[in-house]
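For reference, the chains in residue letters:
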Amino acid sequence: MNNTISTNIVRFILLVLVQVLVLNHINFLGYINPYLYILFIILFPIKNNRMLFIFLAFLLGLTIDLFTDSGGVHAAASVTIAYIRPIVLKFSFGAVYEHQTIKFSNTDIGQRLTYFLILILIHHLILFSLEIFNSSKIILILKKTLFSSIFTLILCLLTTILFSRKTK
Amino acid sequence: MQQIINFIIRNKTFLLFLLLFSVSLVFTFQSHSYHKSKFINSANFLTGGVYESFNNISGYFGLKKENKILLEENNRLKSLLINAKTGEFKNVYIDSSILNKNYKYTAAQVSKNSYSLTNNYLTINKGEKDSIKEELGVITSKGIIGIIDKTSKNYSRVRSILNSNIGINAQLKKTDHFGILSWNGKSPYIVQLTDLPKQAPVVVGDTITTGGLSTIFPKGIPIGTVASFKTDETENYFVIDVALFNDMTNVGHVYIIENLDATQISNLNNLDE
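Each protein sequence line maps, in turn, to chains C and P. Last residue of the first sequence: 168 in the numbering used here, with the numbers rising by one and none dropped. Last residue of the second sequence: 273 in the numbering used here, with the numbers rising by one and none dropped.
Heads up, some of the hints might be wrong.
[Unchecked claim] 30 Å max Cα-Cα, derived DSSO-like pairs, lysine-lysine:
#1 P:198 x P:85
#2 P:142 x P:198
#3 C:137 x P:186
#4 P:230 x C:137
#5 C:143 x P:230
#6 P:186 x C:143
#7 C:143 x C:90
#8 C:47 x P:85
Calculated directly from the structure, the hints in this document are not laboratory data.
Build out the structure end to end from the sequences listed, making use of the hints.
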């Protein structure tokens, strides 16, 4: 149990630093940035105190907001995906989730992909809608959402594969 | 009463979500309106410190380019000086005691810069300790960068010209027609000059500089050149795309300008309100 807490604290700090110091400066093709920090929300242990989880997601988003001077857009997006995560889990993993025994490294790649993709898409859509906040620029919002989601998804999958401990 | 408490306990997760979501929405809306983002800014000691220590390392990679910019500026200033001594300005009497006396310059280093969002900010490593205040102008040797928007003890945040909330008084260099500089959020190399009267003789390639109407920037700081222009819907004003002199994606050293007469001027302006 202690191990899980320390892993998550280290993961929180590491993801924030990587996000603000490296990934925010990529600007691929001028505006496409990956938002890897939501991996913290995606990989948070499923057996958890939901209140604490939502609060931590808020804190994570707010930290990113502090660094990027973006008001509260990251906080809003992170809190939302933290709140709807159980629904997405149920949708993508089905009955296995009910027993609360799944480990992300053991799941089917297709299921994991759907789970990642849904959360990333919702997060990015809220993020860019609030950031641009102009209904006449809806095309720009959708474009940013789509391209950044692809980038984030690839990076999330690569990171989980790279850092998964194969103890079999 | 019992029912209300039961309701709160039953829906506590949802209520917490709603609370945190609305808090972040409030922060977001505050950041969209001019001058209201109170708590969430990168000029505090934590974020400023992290950015500065990272910049101490990454700054080495841009040294070559930074040196080149400084050399260019030196070159320009040297030639001005030589020409003033020997050239055509020889007989012009310059009273150096009144020259630019109203403006105080402070050098600073940018530790964080962004240009891909709709509201971009920079963080610089000078703050209240170096007598930096809000509403001071920030420039480089090539042109303007933005306006100081938030200060802490050691750091300040600069509202970049690549920010949809910016409005800077700007004019054509050759005539005194002025307009308002803003940004449409698209390219970090192009800003827009609006509300310029149609009578102004605009040609592609003309230089745009700051106007003397605001108390923030002195008159004549370069901004960019006219890339293209058209009239707006009312057909009375020009909308001009201005190609910036500064490469906003790569900013190293900046100067902060303080107008020492700013309070006097604004006091005068407040008289007739």
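| message | So if I understand the rule, the pair passes when the alpha-carbon distance is 30 Å or less; does residue 230 of chain P with residue 137 of chain C pass? | response | holds, 21 Å
| query | Given the proposed pairing of residue 143 of chain C with residue 230 of chain P, does the C-alpha separation stay at or below 30 Å? | reply | Distance ~27 Å between residue 143 of chain C and residue 230 of chain P Cα, so the pair holds.
| field | residue 47 of chain C paired with residue 85 of chain P [C-alpha distance capped at 30 Å] | value | violated, 79 Å
| said: Tell me if the straight-line CA distance from residue 137 of chain C to residue 186 of chain P falls inside 30 Å. | reply: holds, 11 Å
| Straight-line Cα separation of residue 142 of chain P and residue 198 of chain P no greater than 30 Å? | Judged against 30 Å, a Cα distance of about 28 Å means the pair holds.
| Proposed proximity, residue 143 of chain C with residue 186 of chain P (alpha carbon, max 30 Å) | Since the Cα atoms of residue 186 of chain P and residue 143 of chain C sit roughly 13 Å apart, the hinted pair holds (cutoff 30 Å).
| request: Starting from residue 143 of chain C, check that the Cα of residue 90 of chain C is at most 30 Å away, please. | output: holds, 28 Å
| query | Taking only the CA atoms, is the gap from residue 198 of chain P to residue 85 of chain P under or equal to 30 Å? | reply | Measuring from Cα to Cα gives roughly 41 Å; hence the hint is violated.
In this structure, the hints that do not hold are numbers 1 and 8, in rising order.
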